[in-house]
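The lines below spell out each chain.
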Amino acid sequence: AQSVTQLGSHVSVSEGALVLLRCNYSSSVPPYLFWYVQYPNQGLQLLLKYTSAATLVKGINGFEAEFKKSETSFHLTKPSAHMSDAAEYFCAVHGASNAGGTSYGKLTFGQGTILTVHP
Amino acid sequence: EPEVTQTPSHQVTQMGQEVILRCVPISNHLYFYWYRQILGQKVEFLVSFYNNEISEKSEIFDDQFSVERPDGSNFTLKIRSTKLEDSAMYFCASSEAVRLATDTQYFGPGTRLTVL
Numbered sequence: 637a638q639s640v641t642q643l644g645s646h647v648s649v650s651e652g653a654l655v656l657l658r659c660n661y662s663s664s665v666p667p668y669l670f671w672y673v674q675y676p677n678q679g680l681q682l683l684l685k686y687t688s689a690a691t692l693v694k695g696i697n698g699f700e701a702e703f704k705k706s707e708t709s710f711h712l713t714k715p716s717a718h719m720s721d722a723a724e725y726f727c728a729v730h731g732a733s734n735a736g737g738t739s740y741g742k743l744t745f746g747q748g749t750i751l752t753v754h755p
Numbered sequence: 213e214p215e216v217t218q219t220p221s222h223q224v225t226q227m228g229q230e231v232i233l234r235c236v237p238i239s240n241h242l243y244f245y246w247y248r249q250i251l252g253q254k255v256e257f258l259v260s261f262y263n264n265e266i267s268e269k270s271e272i273f274d275d276q277f278s279v280e281r282p283d284g285s286n287f288t289l290k291i292r293s294t295k296l297e298d299s300a301m302y303f304c305a306s307s308e309a310v311r312l313a314t315d316t317q318y319f320g321p322g323t324r325l326t327v328l
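These protein sequence lines map, in sequence, to chains R and C.
Counting with this note's numbering, you get residues 637 to 755 for the letters of the first sequence.
Counting with this note's numbering, you get residues 213 to 328 for the letters of the second sequence.
Among these hints, one or two may not hold up.
Pairs of lysine-lysine, DSSO-like flavour, derived with a Cα cap of 27 Å [what the hints assert, rightly or not]: (1) C:290 to C:254; (2) C:254 to C:269; (3) R:694 to C:290; (4) C:295 to R:705; (5) C:269 to C:295; (6) C:295 to C:254; (7) C:295 to R:704; (8) C:269 to C:290.
Hints are computed from structural coordinates only; laboratory data are not their basis.
Bound conformation, chain R alone (with noise of 0.2 Å):
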């Protein structure tokens, strides 16, 4: 079965900084990985997604996730911070259970990283 791990629980920043949420993958099949967003009170917004087709990805508000295969891991980055990035984080993934198996859109999430911007 798939799962997904994020280090970190919270993340603090400064405004301007460098933005690092971390979150590693166990598959037994190709993974299909996908970062959400979410600002209070609102849903989840996919931020970007790996689908196979390049390994760095890059997605809204300057966000950007490089899949690497060895390090089973999806980390999302941002070069500069911003006040407006303050949210909860979710990194998940959706693949089949088993090779041969199929899941009908099934994703599974991490536990969920909160970003703190300072000013």
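Let chain R serve as the given structure and place chain C on it in line with the hints.
Chain C only, in chain R's frame:
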């Protein structure tokens, strides 16, 4: 921009009561989902639904839960007899069903269910 909507935003109920959570998916989407997030825990998959049938469900989705698309726009989650442990934020999502594994799922803002 089209969005998924959910009502109510907050539902308070007594243990043992039935609740129905409502969702309006994006109009041209064909796959629908329910997820939930217990406070302080991960977002968990409950069920996926396509062509008026459940496609996949988790072990959480037992006989107390049911889903329905009663008309062309609404998608509902019913909990027949609520338990304290059903207290959570419930998210509805929808996707186009072009290629399930990589389709973007669009999420609603959630319904916070509190069972007393």
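Results for each hint:
1. Between residue 290 of chain C and residue 254 of chain C, the direct Cα distance comes to roughly 21 Å. Compliance with the 27 Å bound is thereby established for this hinted pair.
2. Restraint check for residue 254 of chain C and residue 269 of chain C: satisfied, since their Cα atoms lie roughly 17 Å apart, inside the 27 Å limit.
3. Restraint check for residue 694 of chain R and residue 290 of chain C: not satisfied, since their Cα atoms lie roughly 38 Å apart, outside the 27 Å limit.
4. For the hint pairing residue 295 of chain C with residue 705 of chain R, the CA-to-CA distance comes to about 42 Å; that exceeds 27 Å, so the pair is violated.
5. For the hint pairing residue 269 of chain C with residue 295 of chain C, the CA-to-CA distance comes to about 19 Å; that is within 27 Å, so the pair holds.
6. For the given pair, residue 295 of chain C sits about 19 Å from residue 254 of chain C by alpha-carbon distance, which is consistent with the 27 Å threshold.
7. This hinted pair does not check out: residue 295 of chain C and residue 704 of chain R have alpha carbons roughly 42 Å apart, beyond 27 Å.
8. Restraint check: the Cα-Cα separation between residue 269 of chain C and residue 290 of chain C comes to about 14 Å, which is no more than 27 Å; the hinted pair holds.
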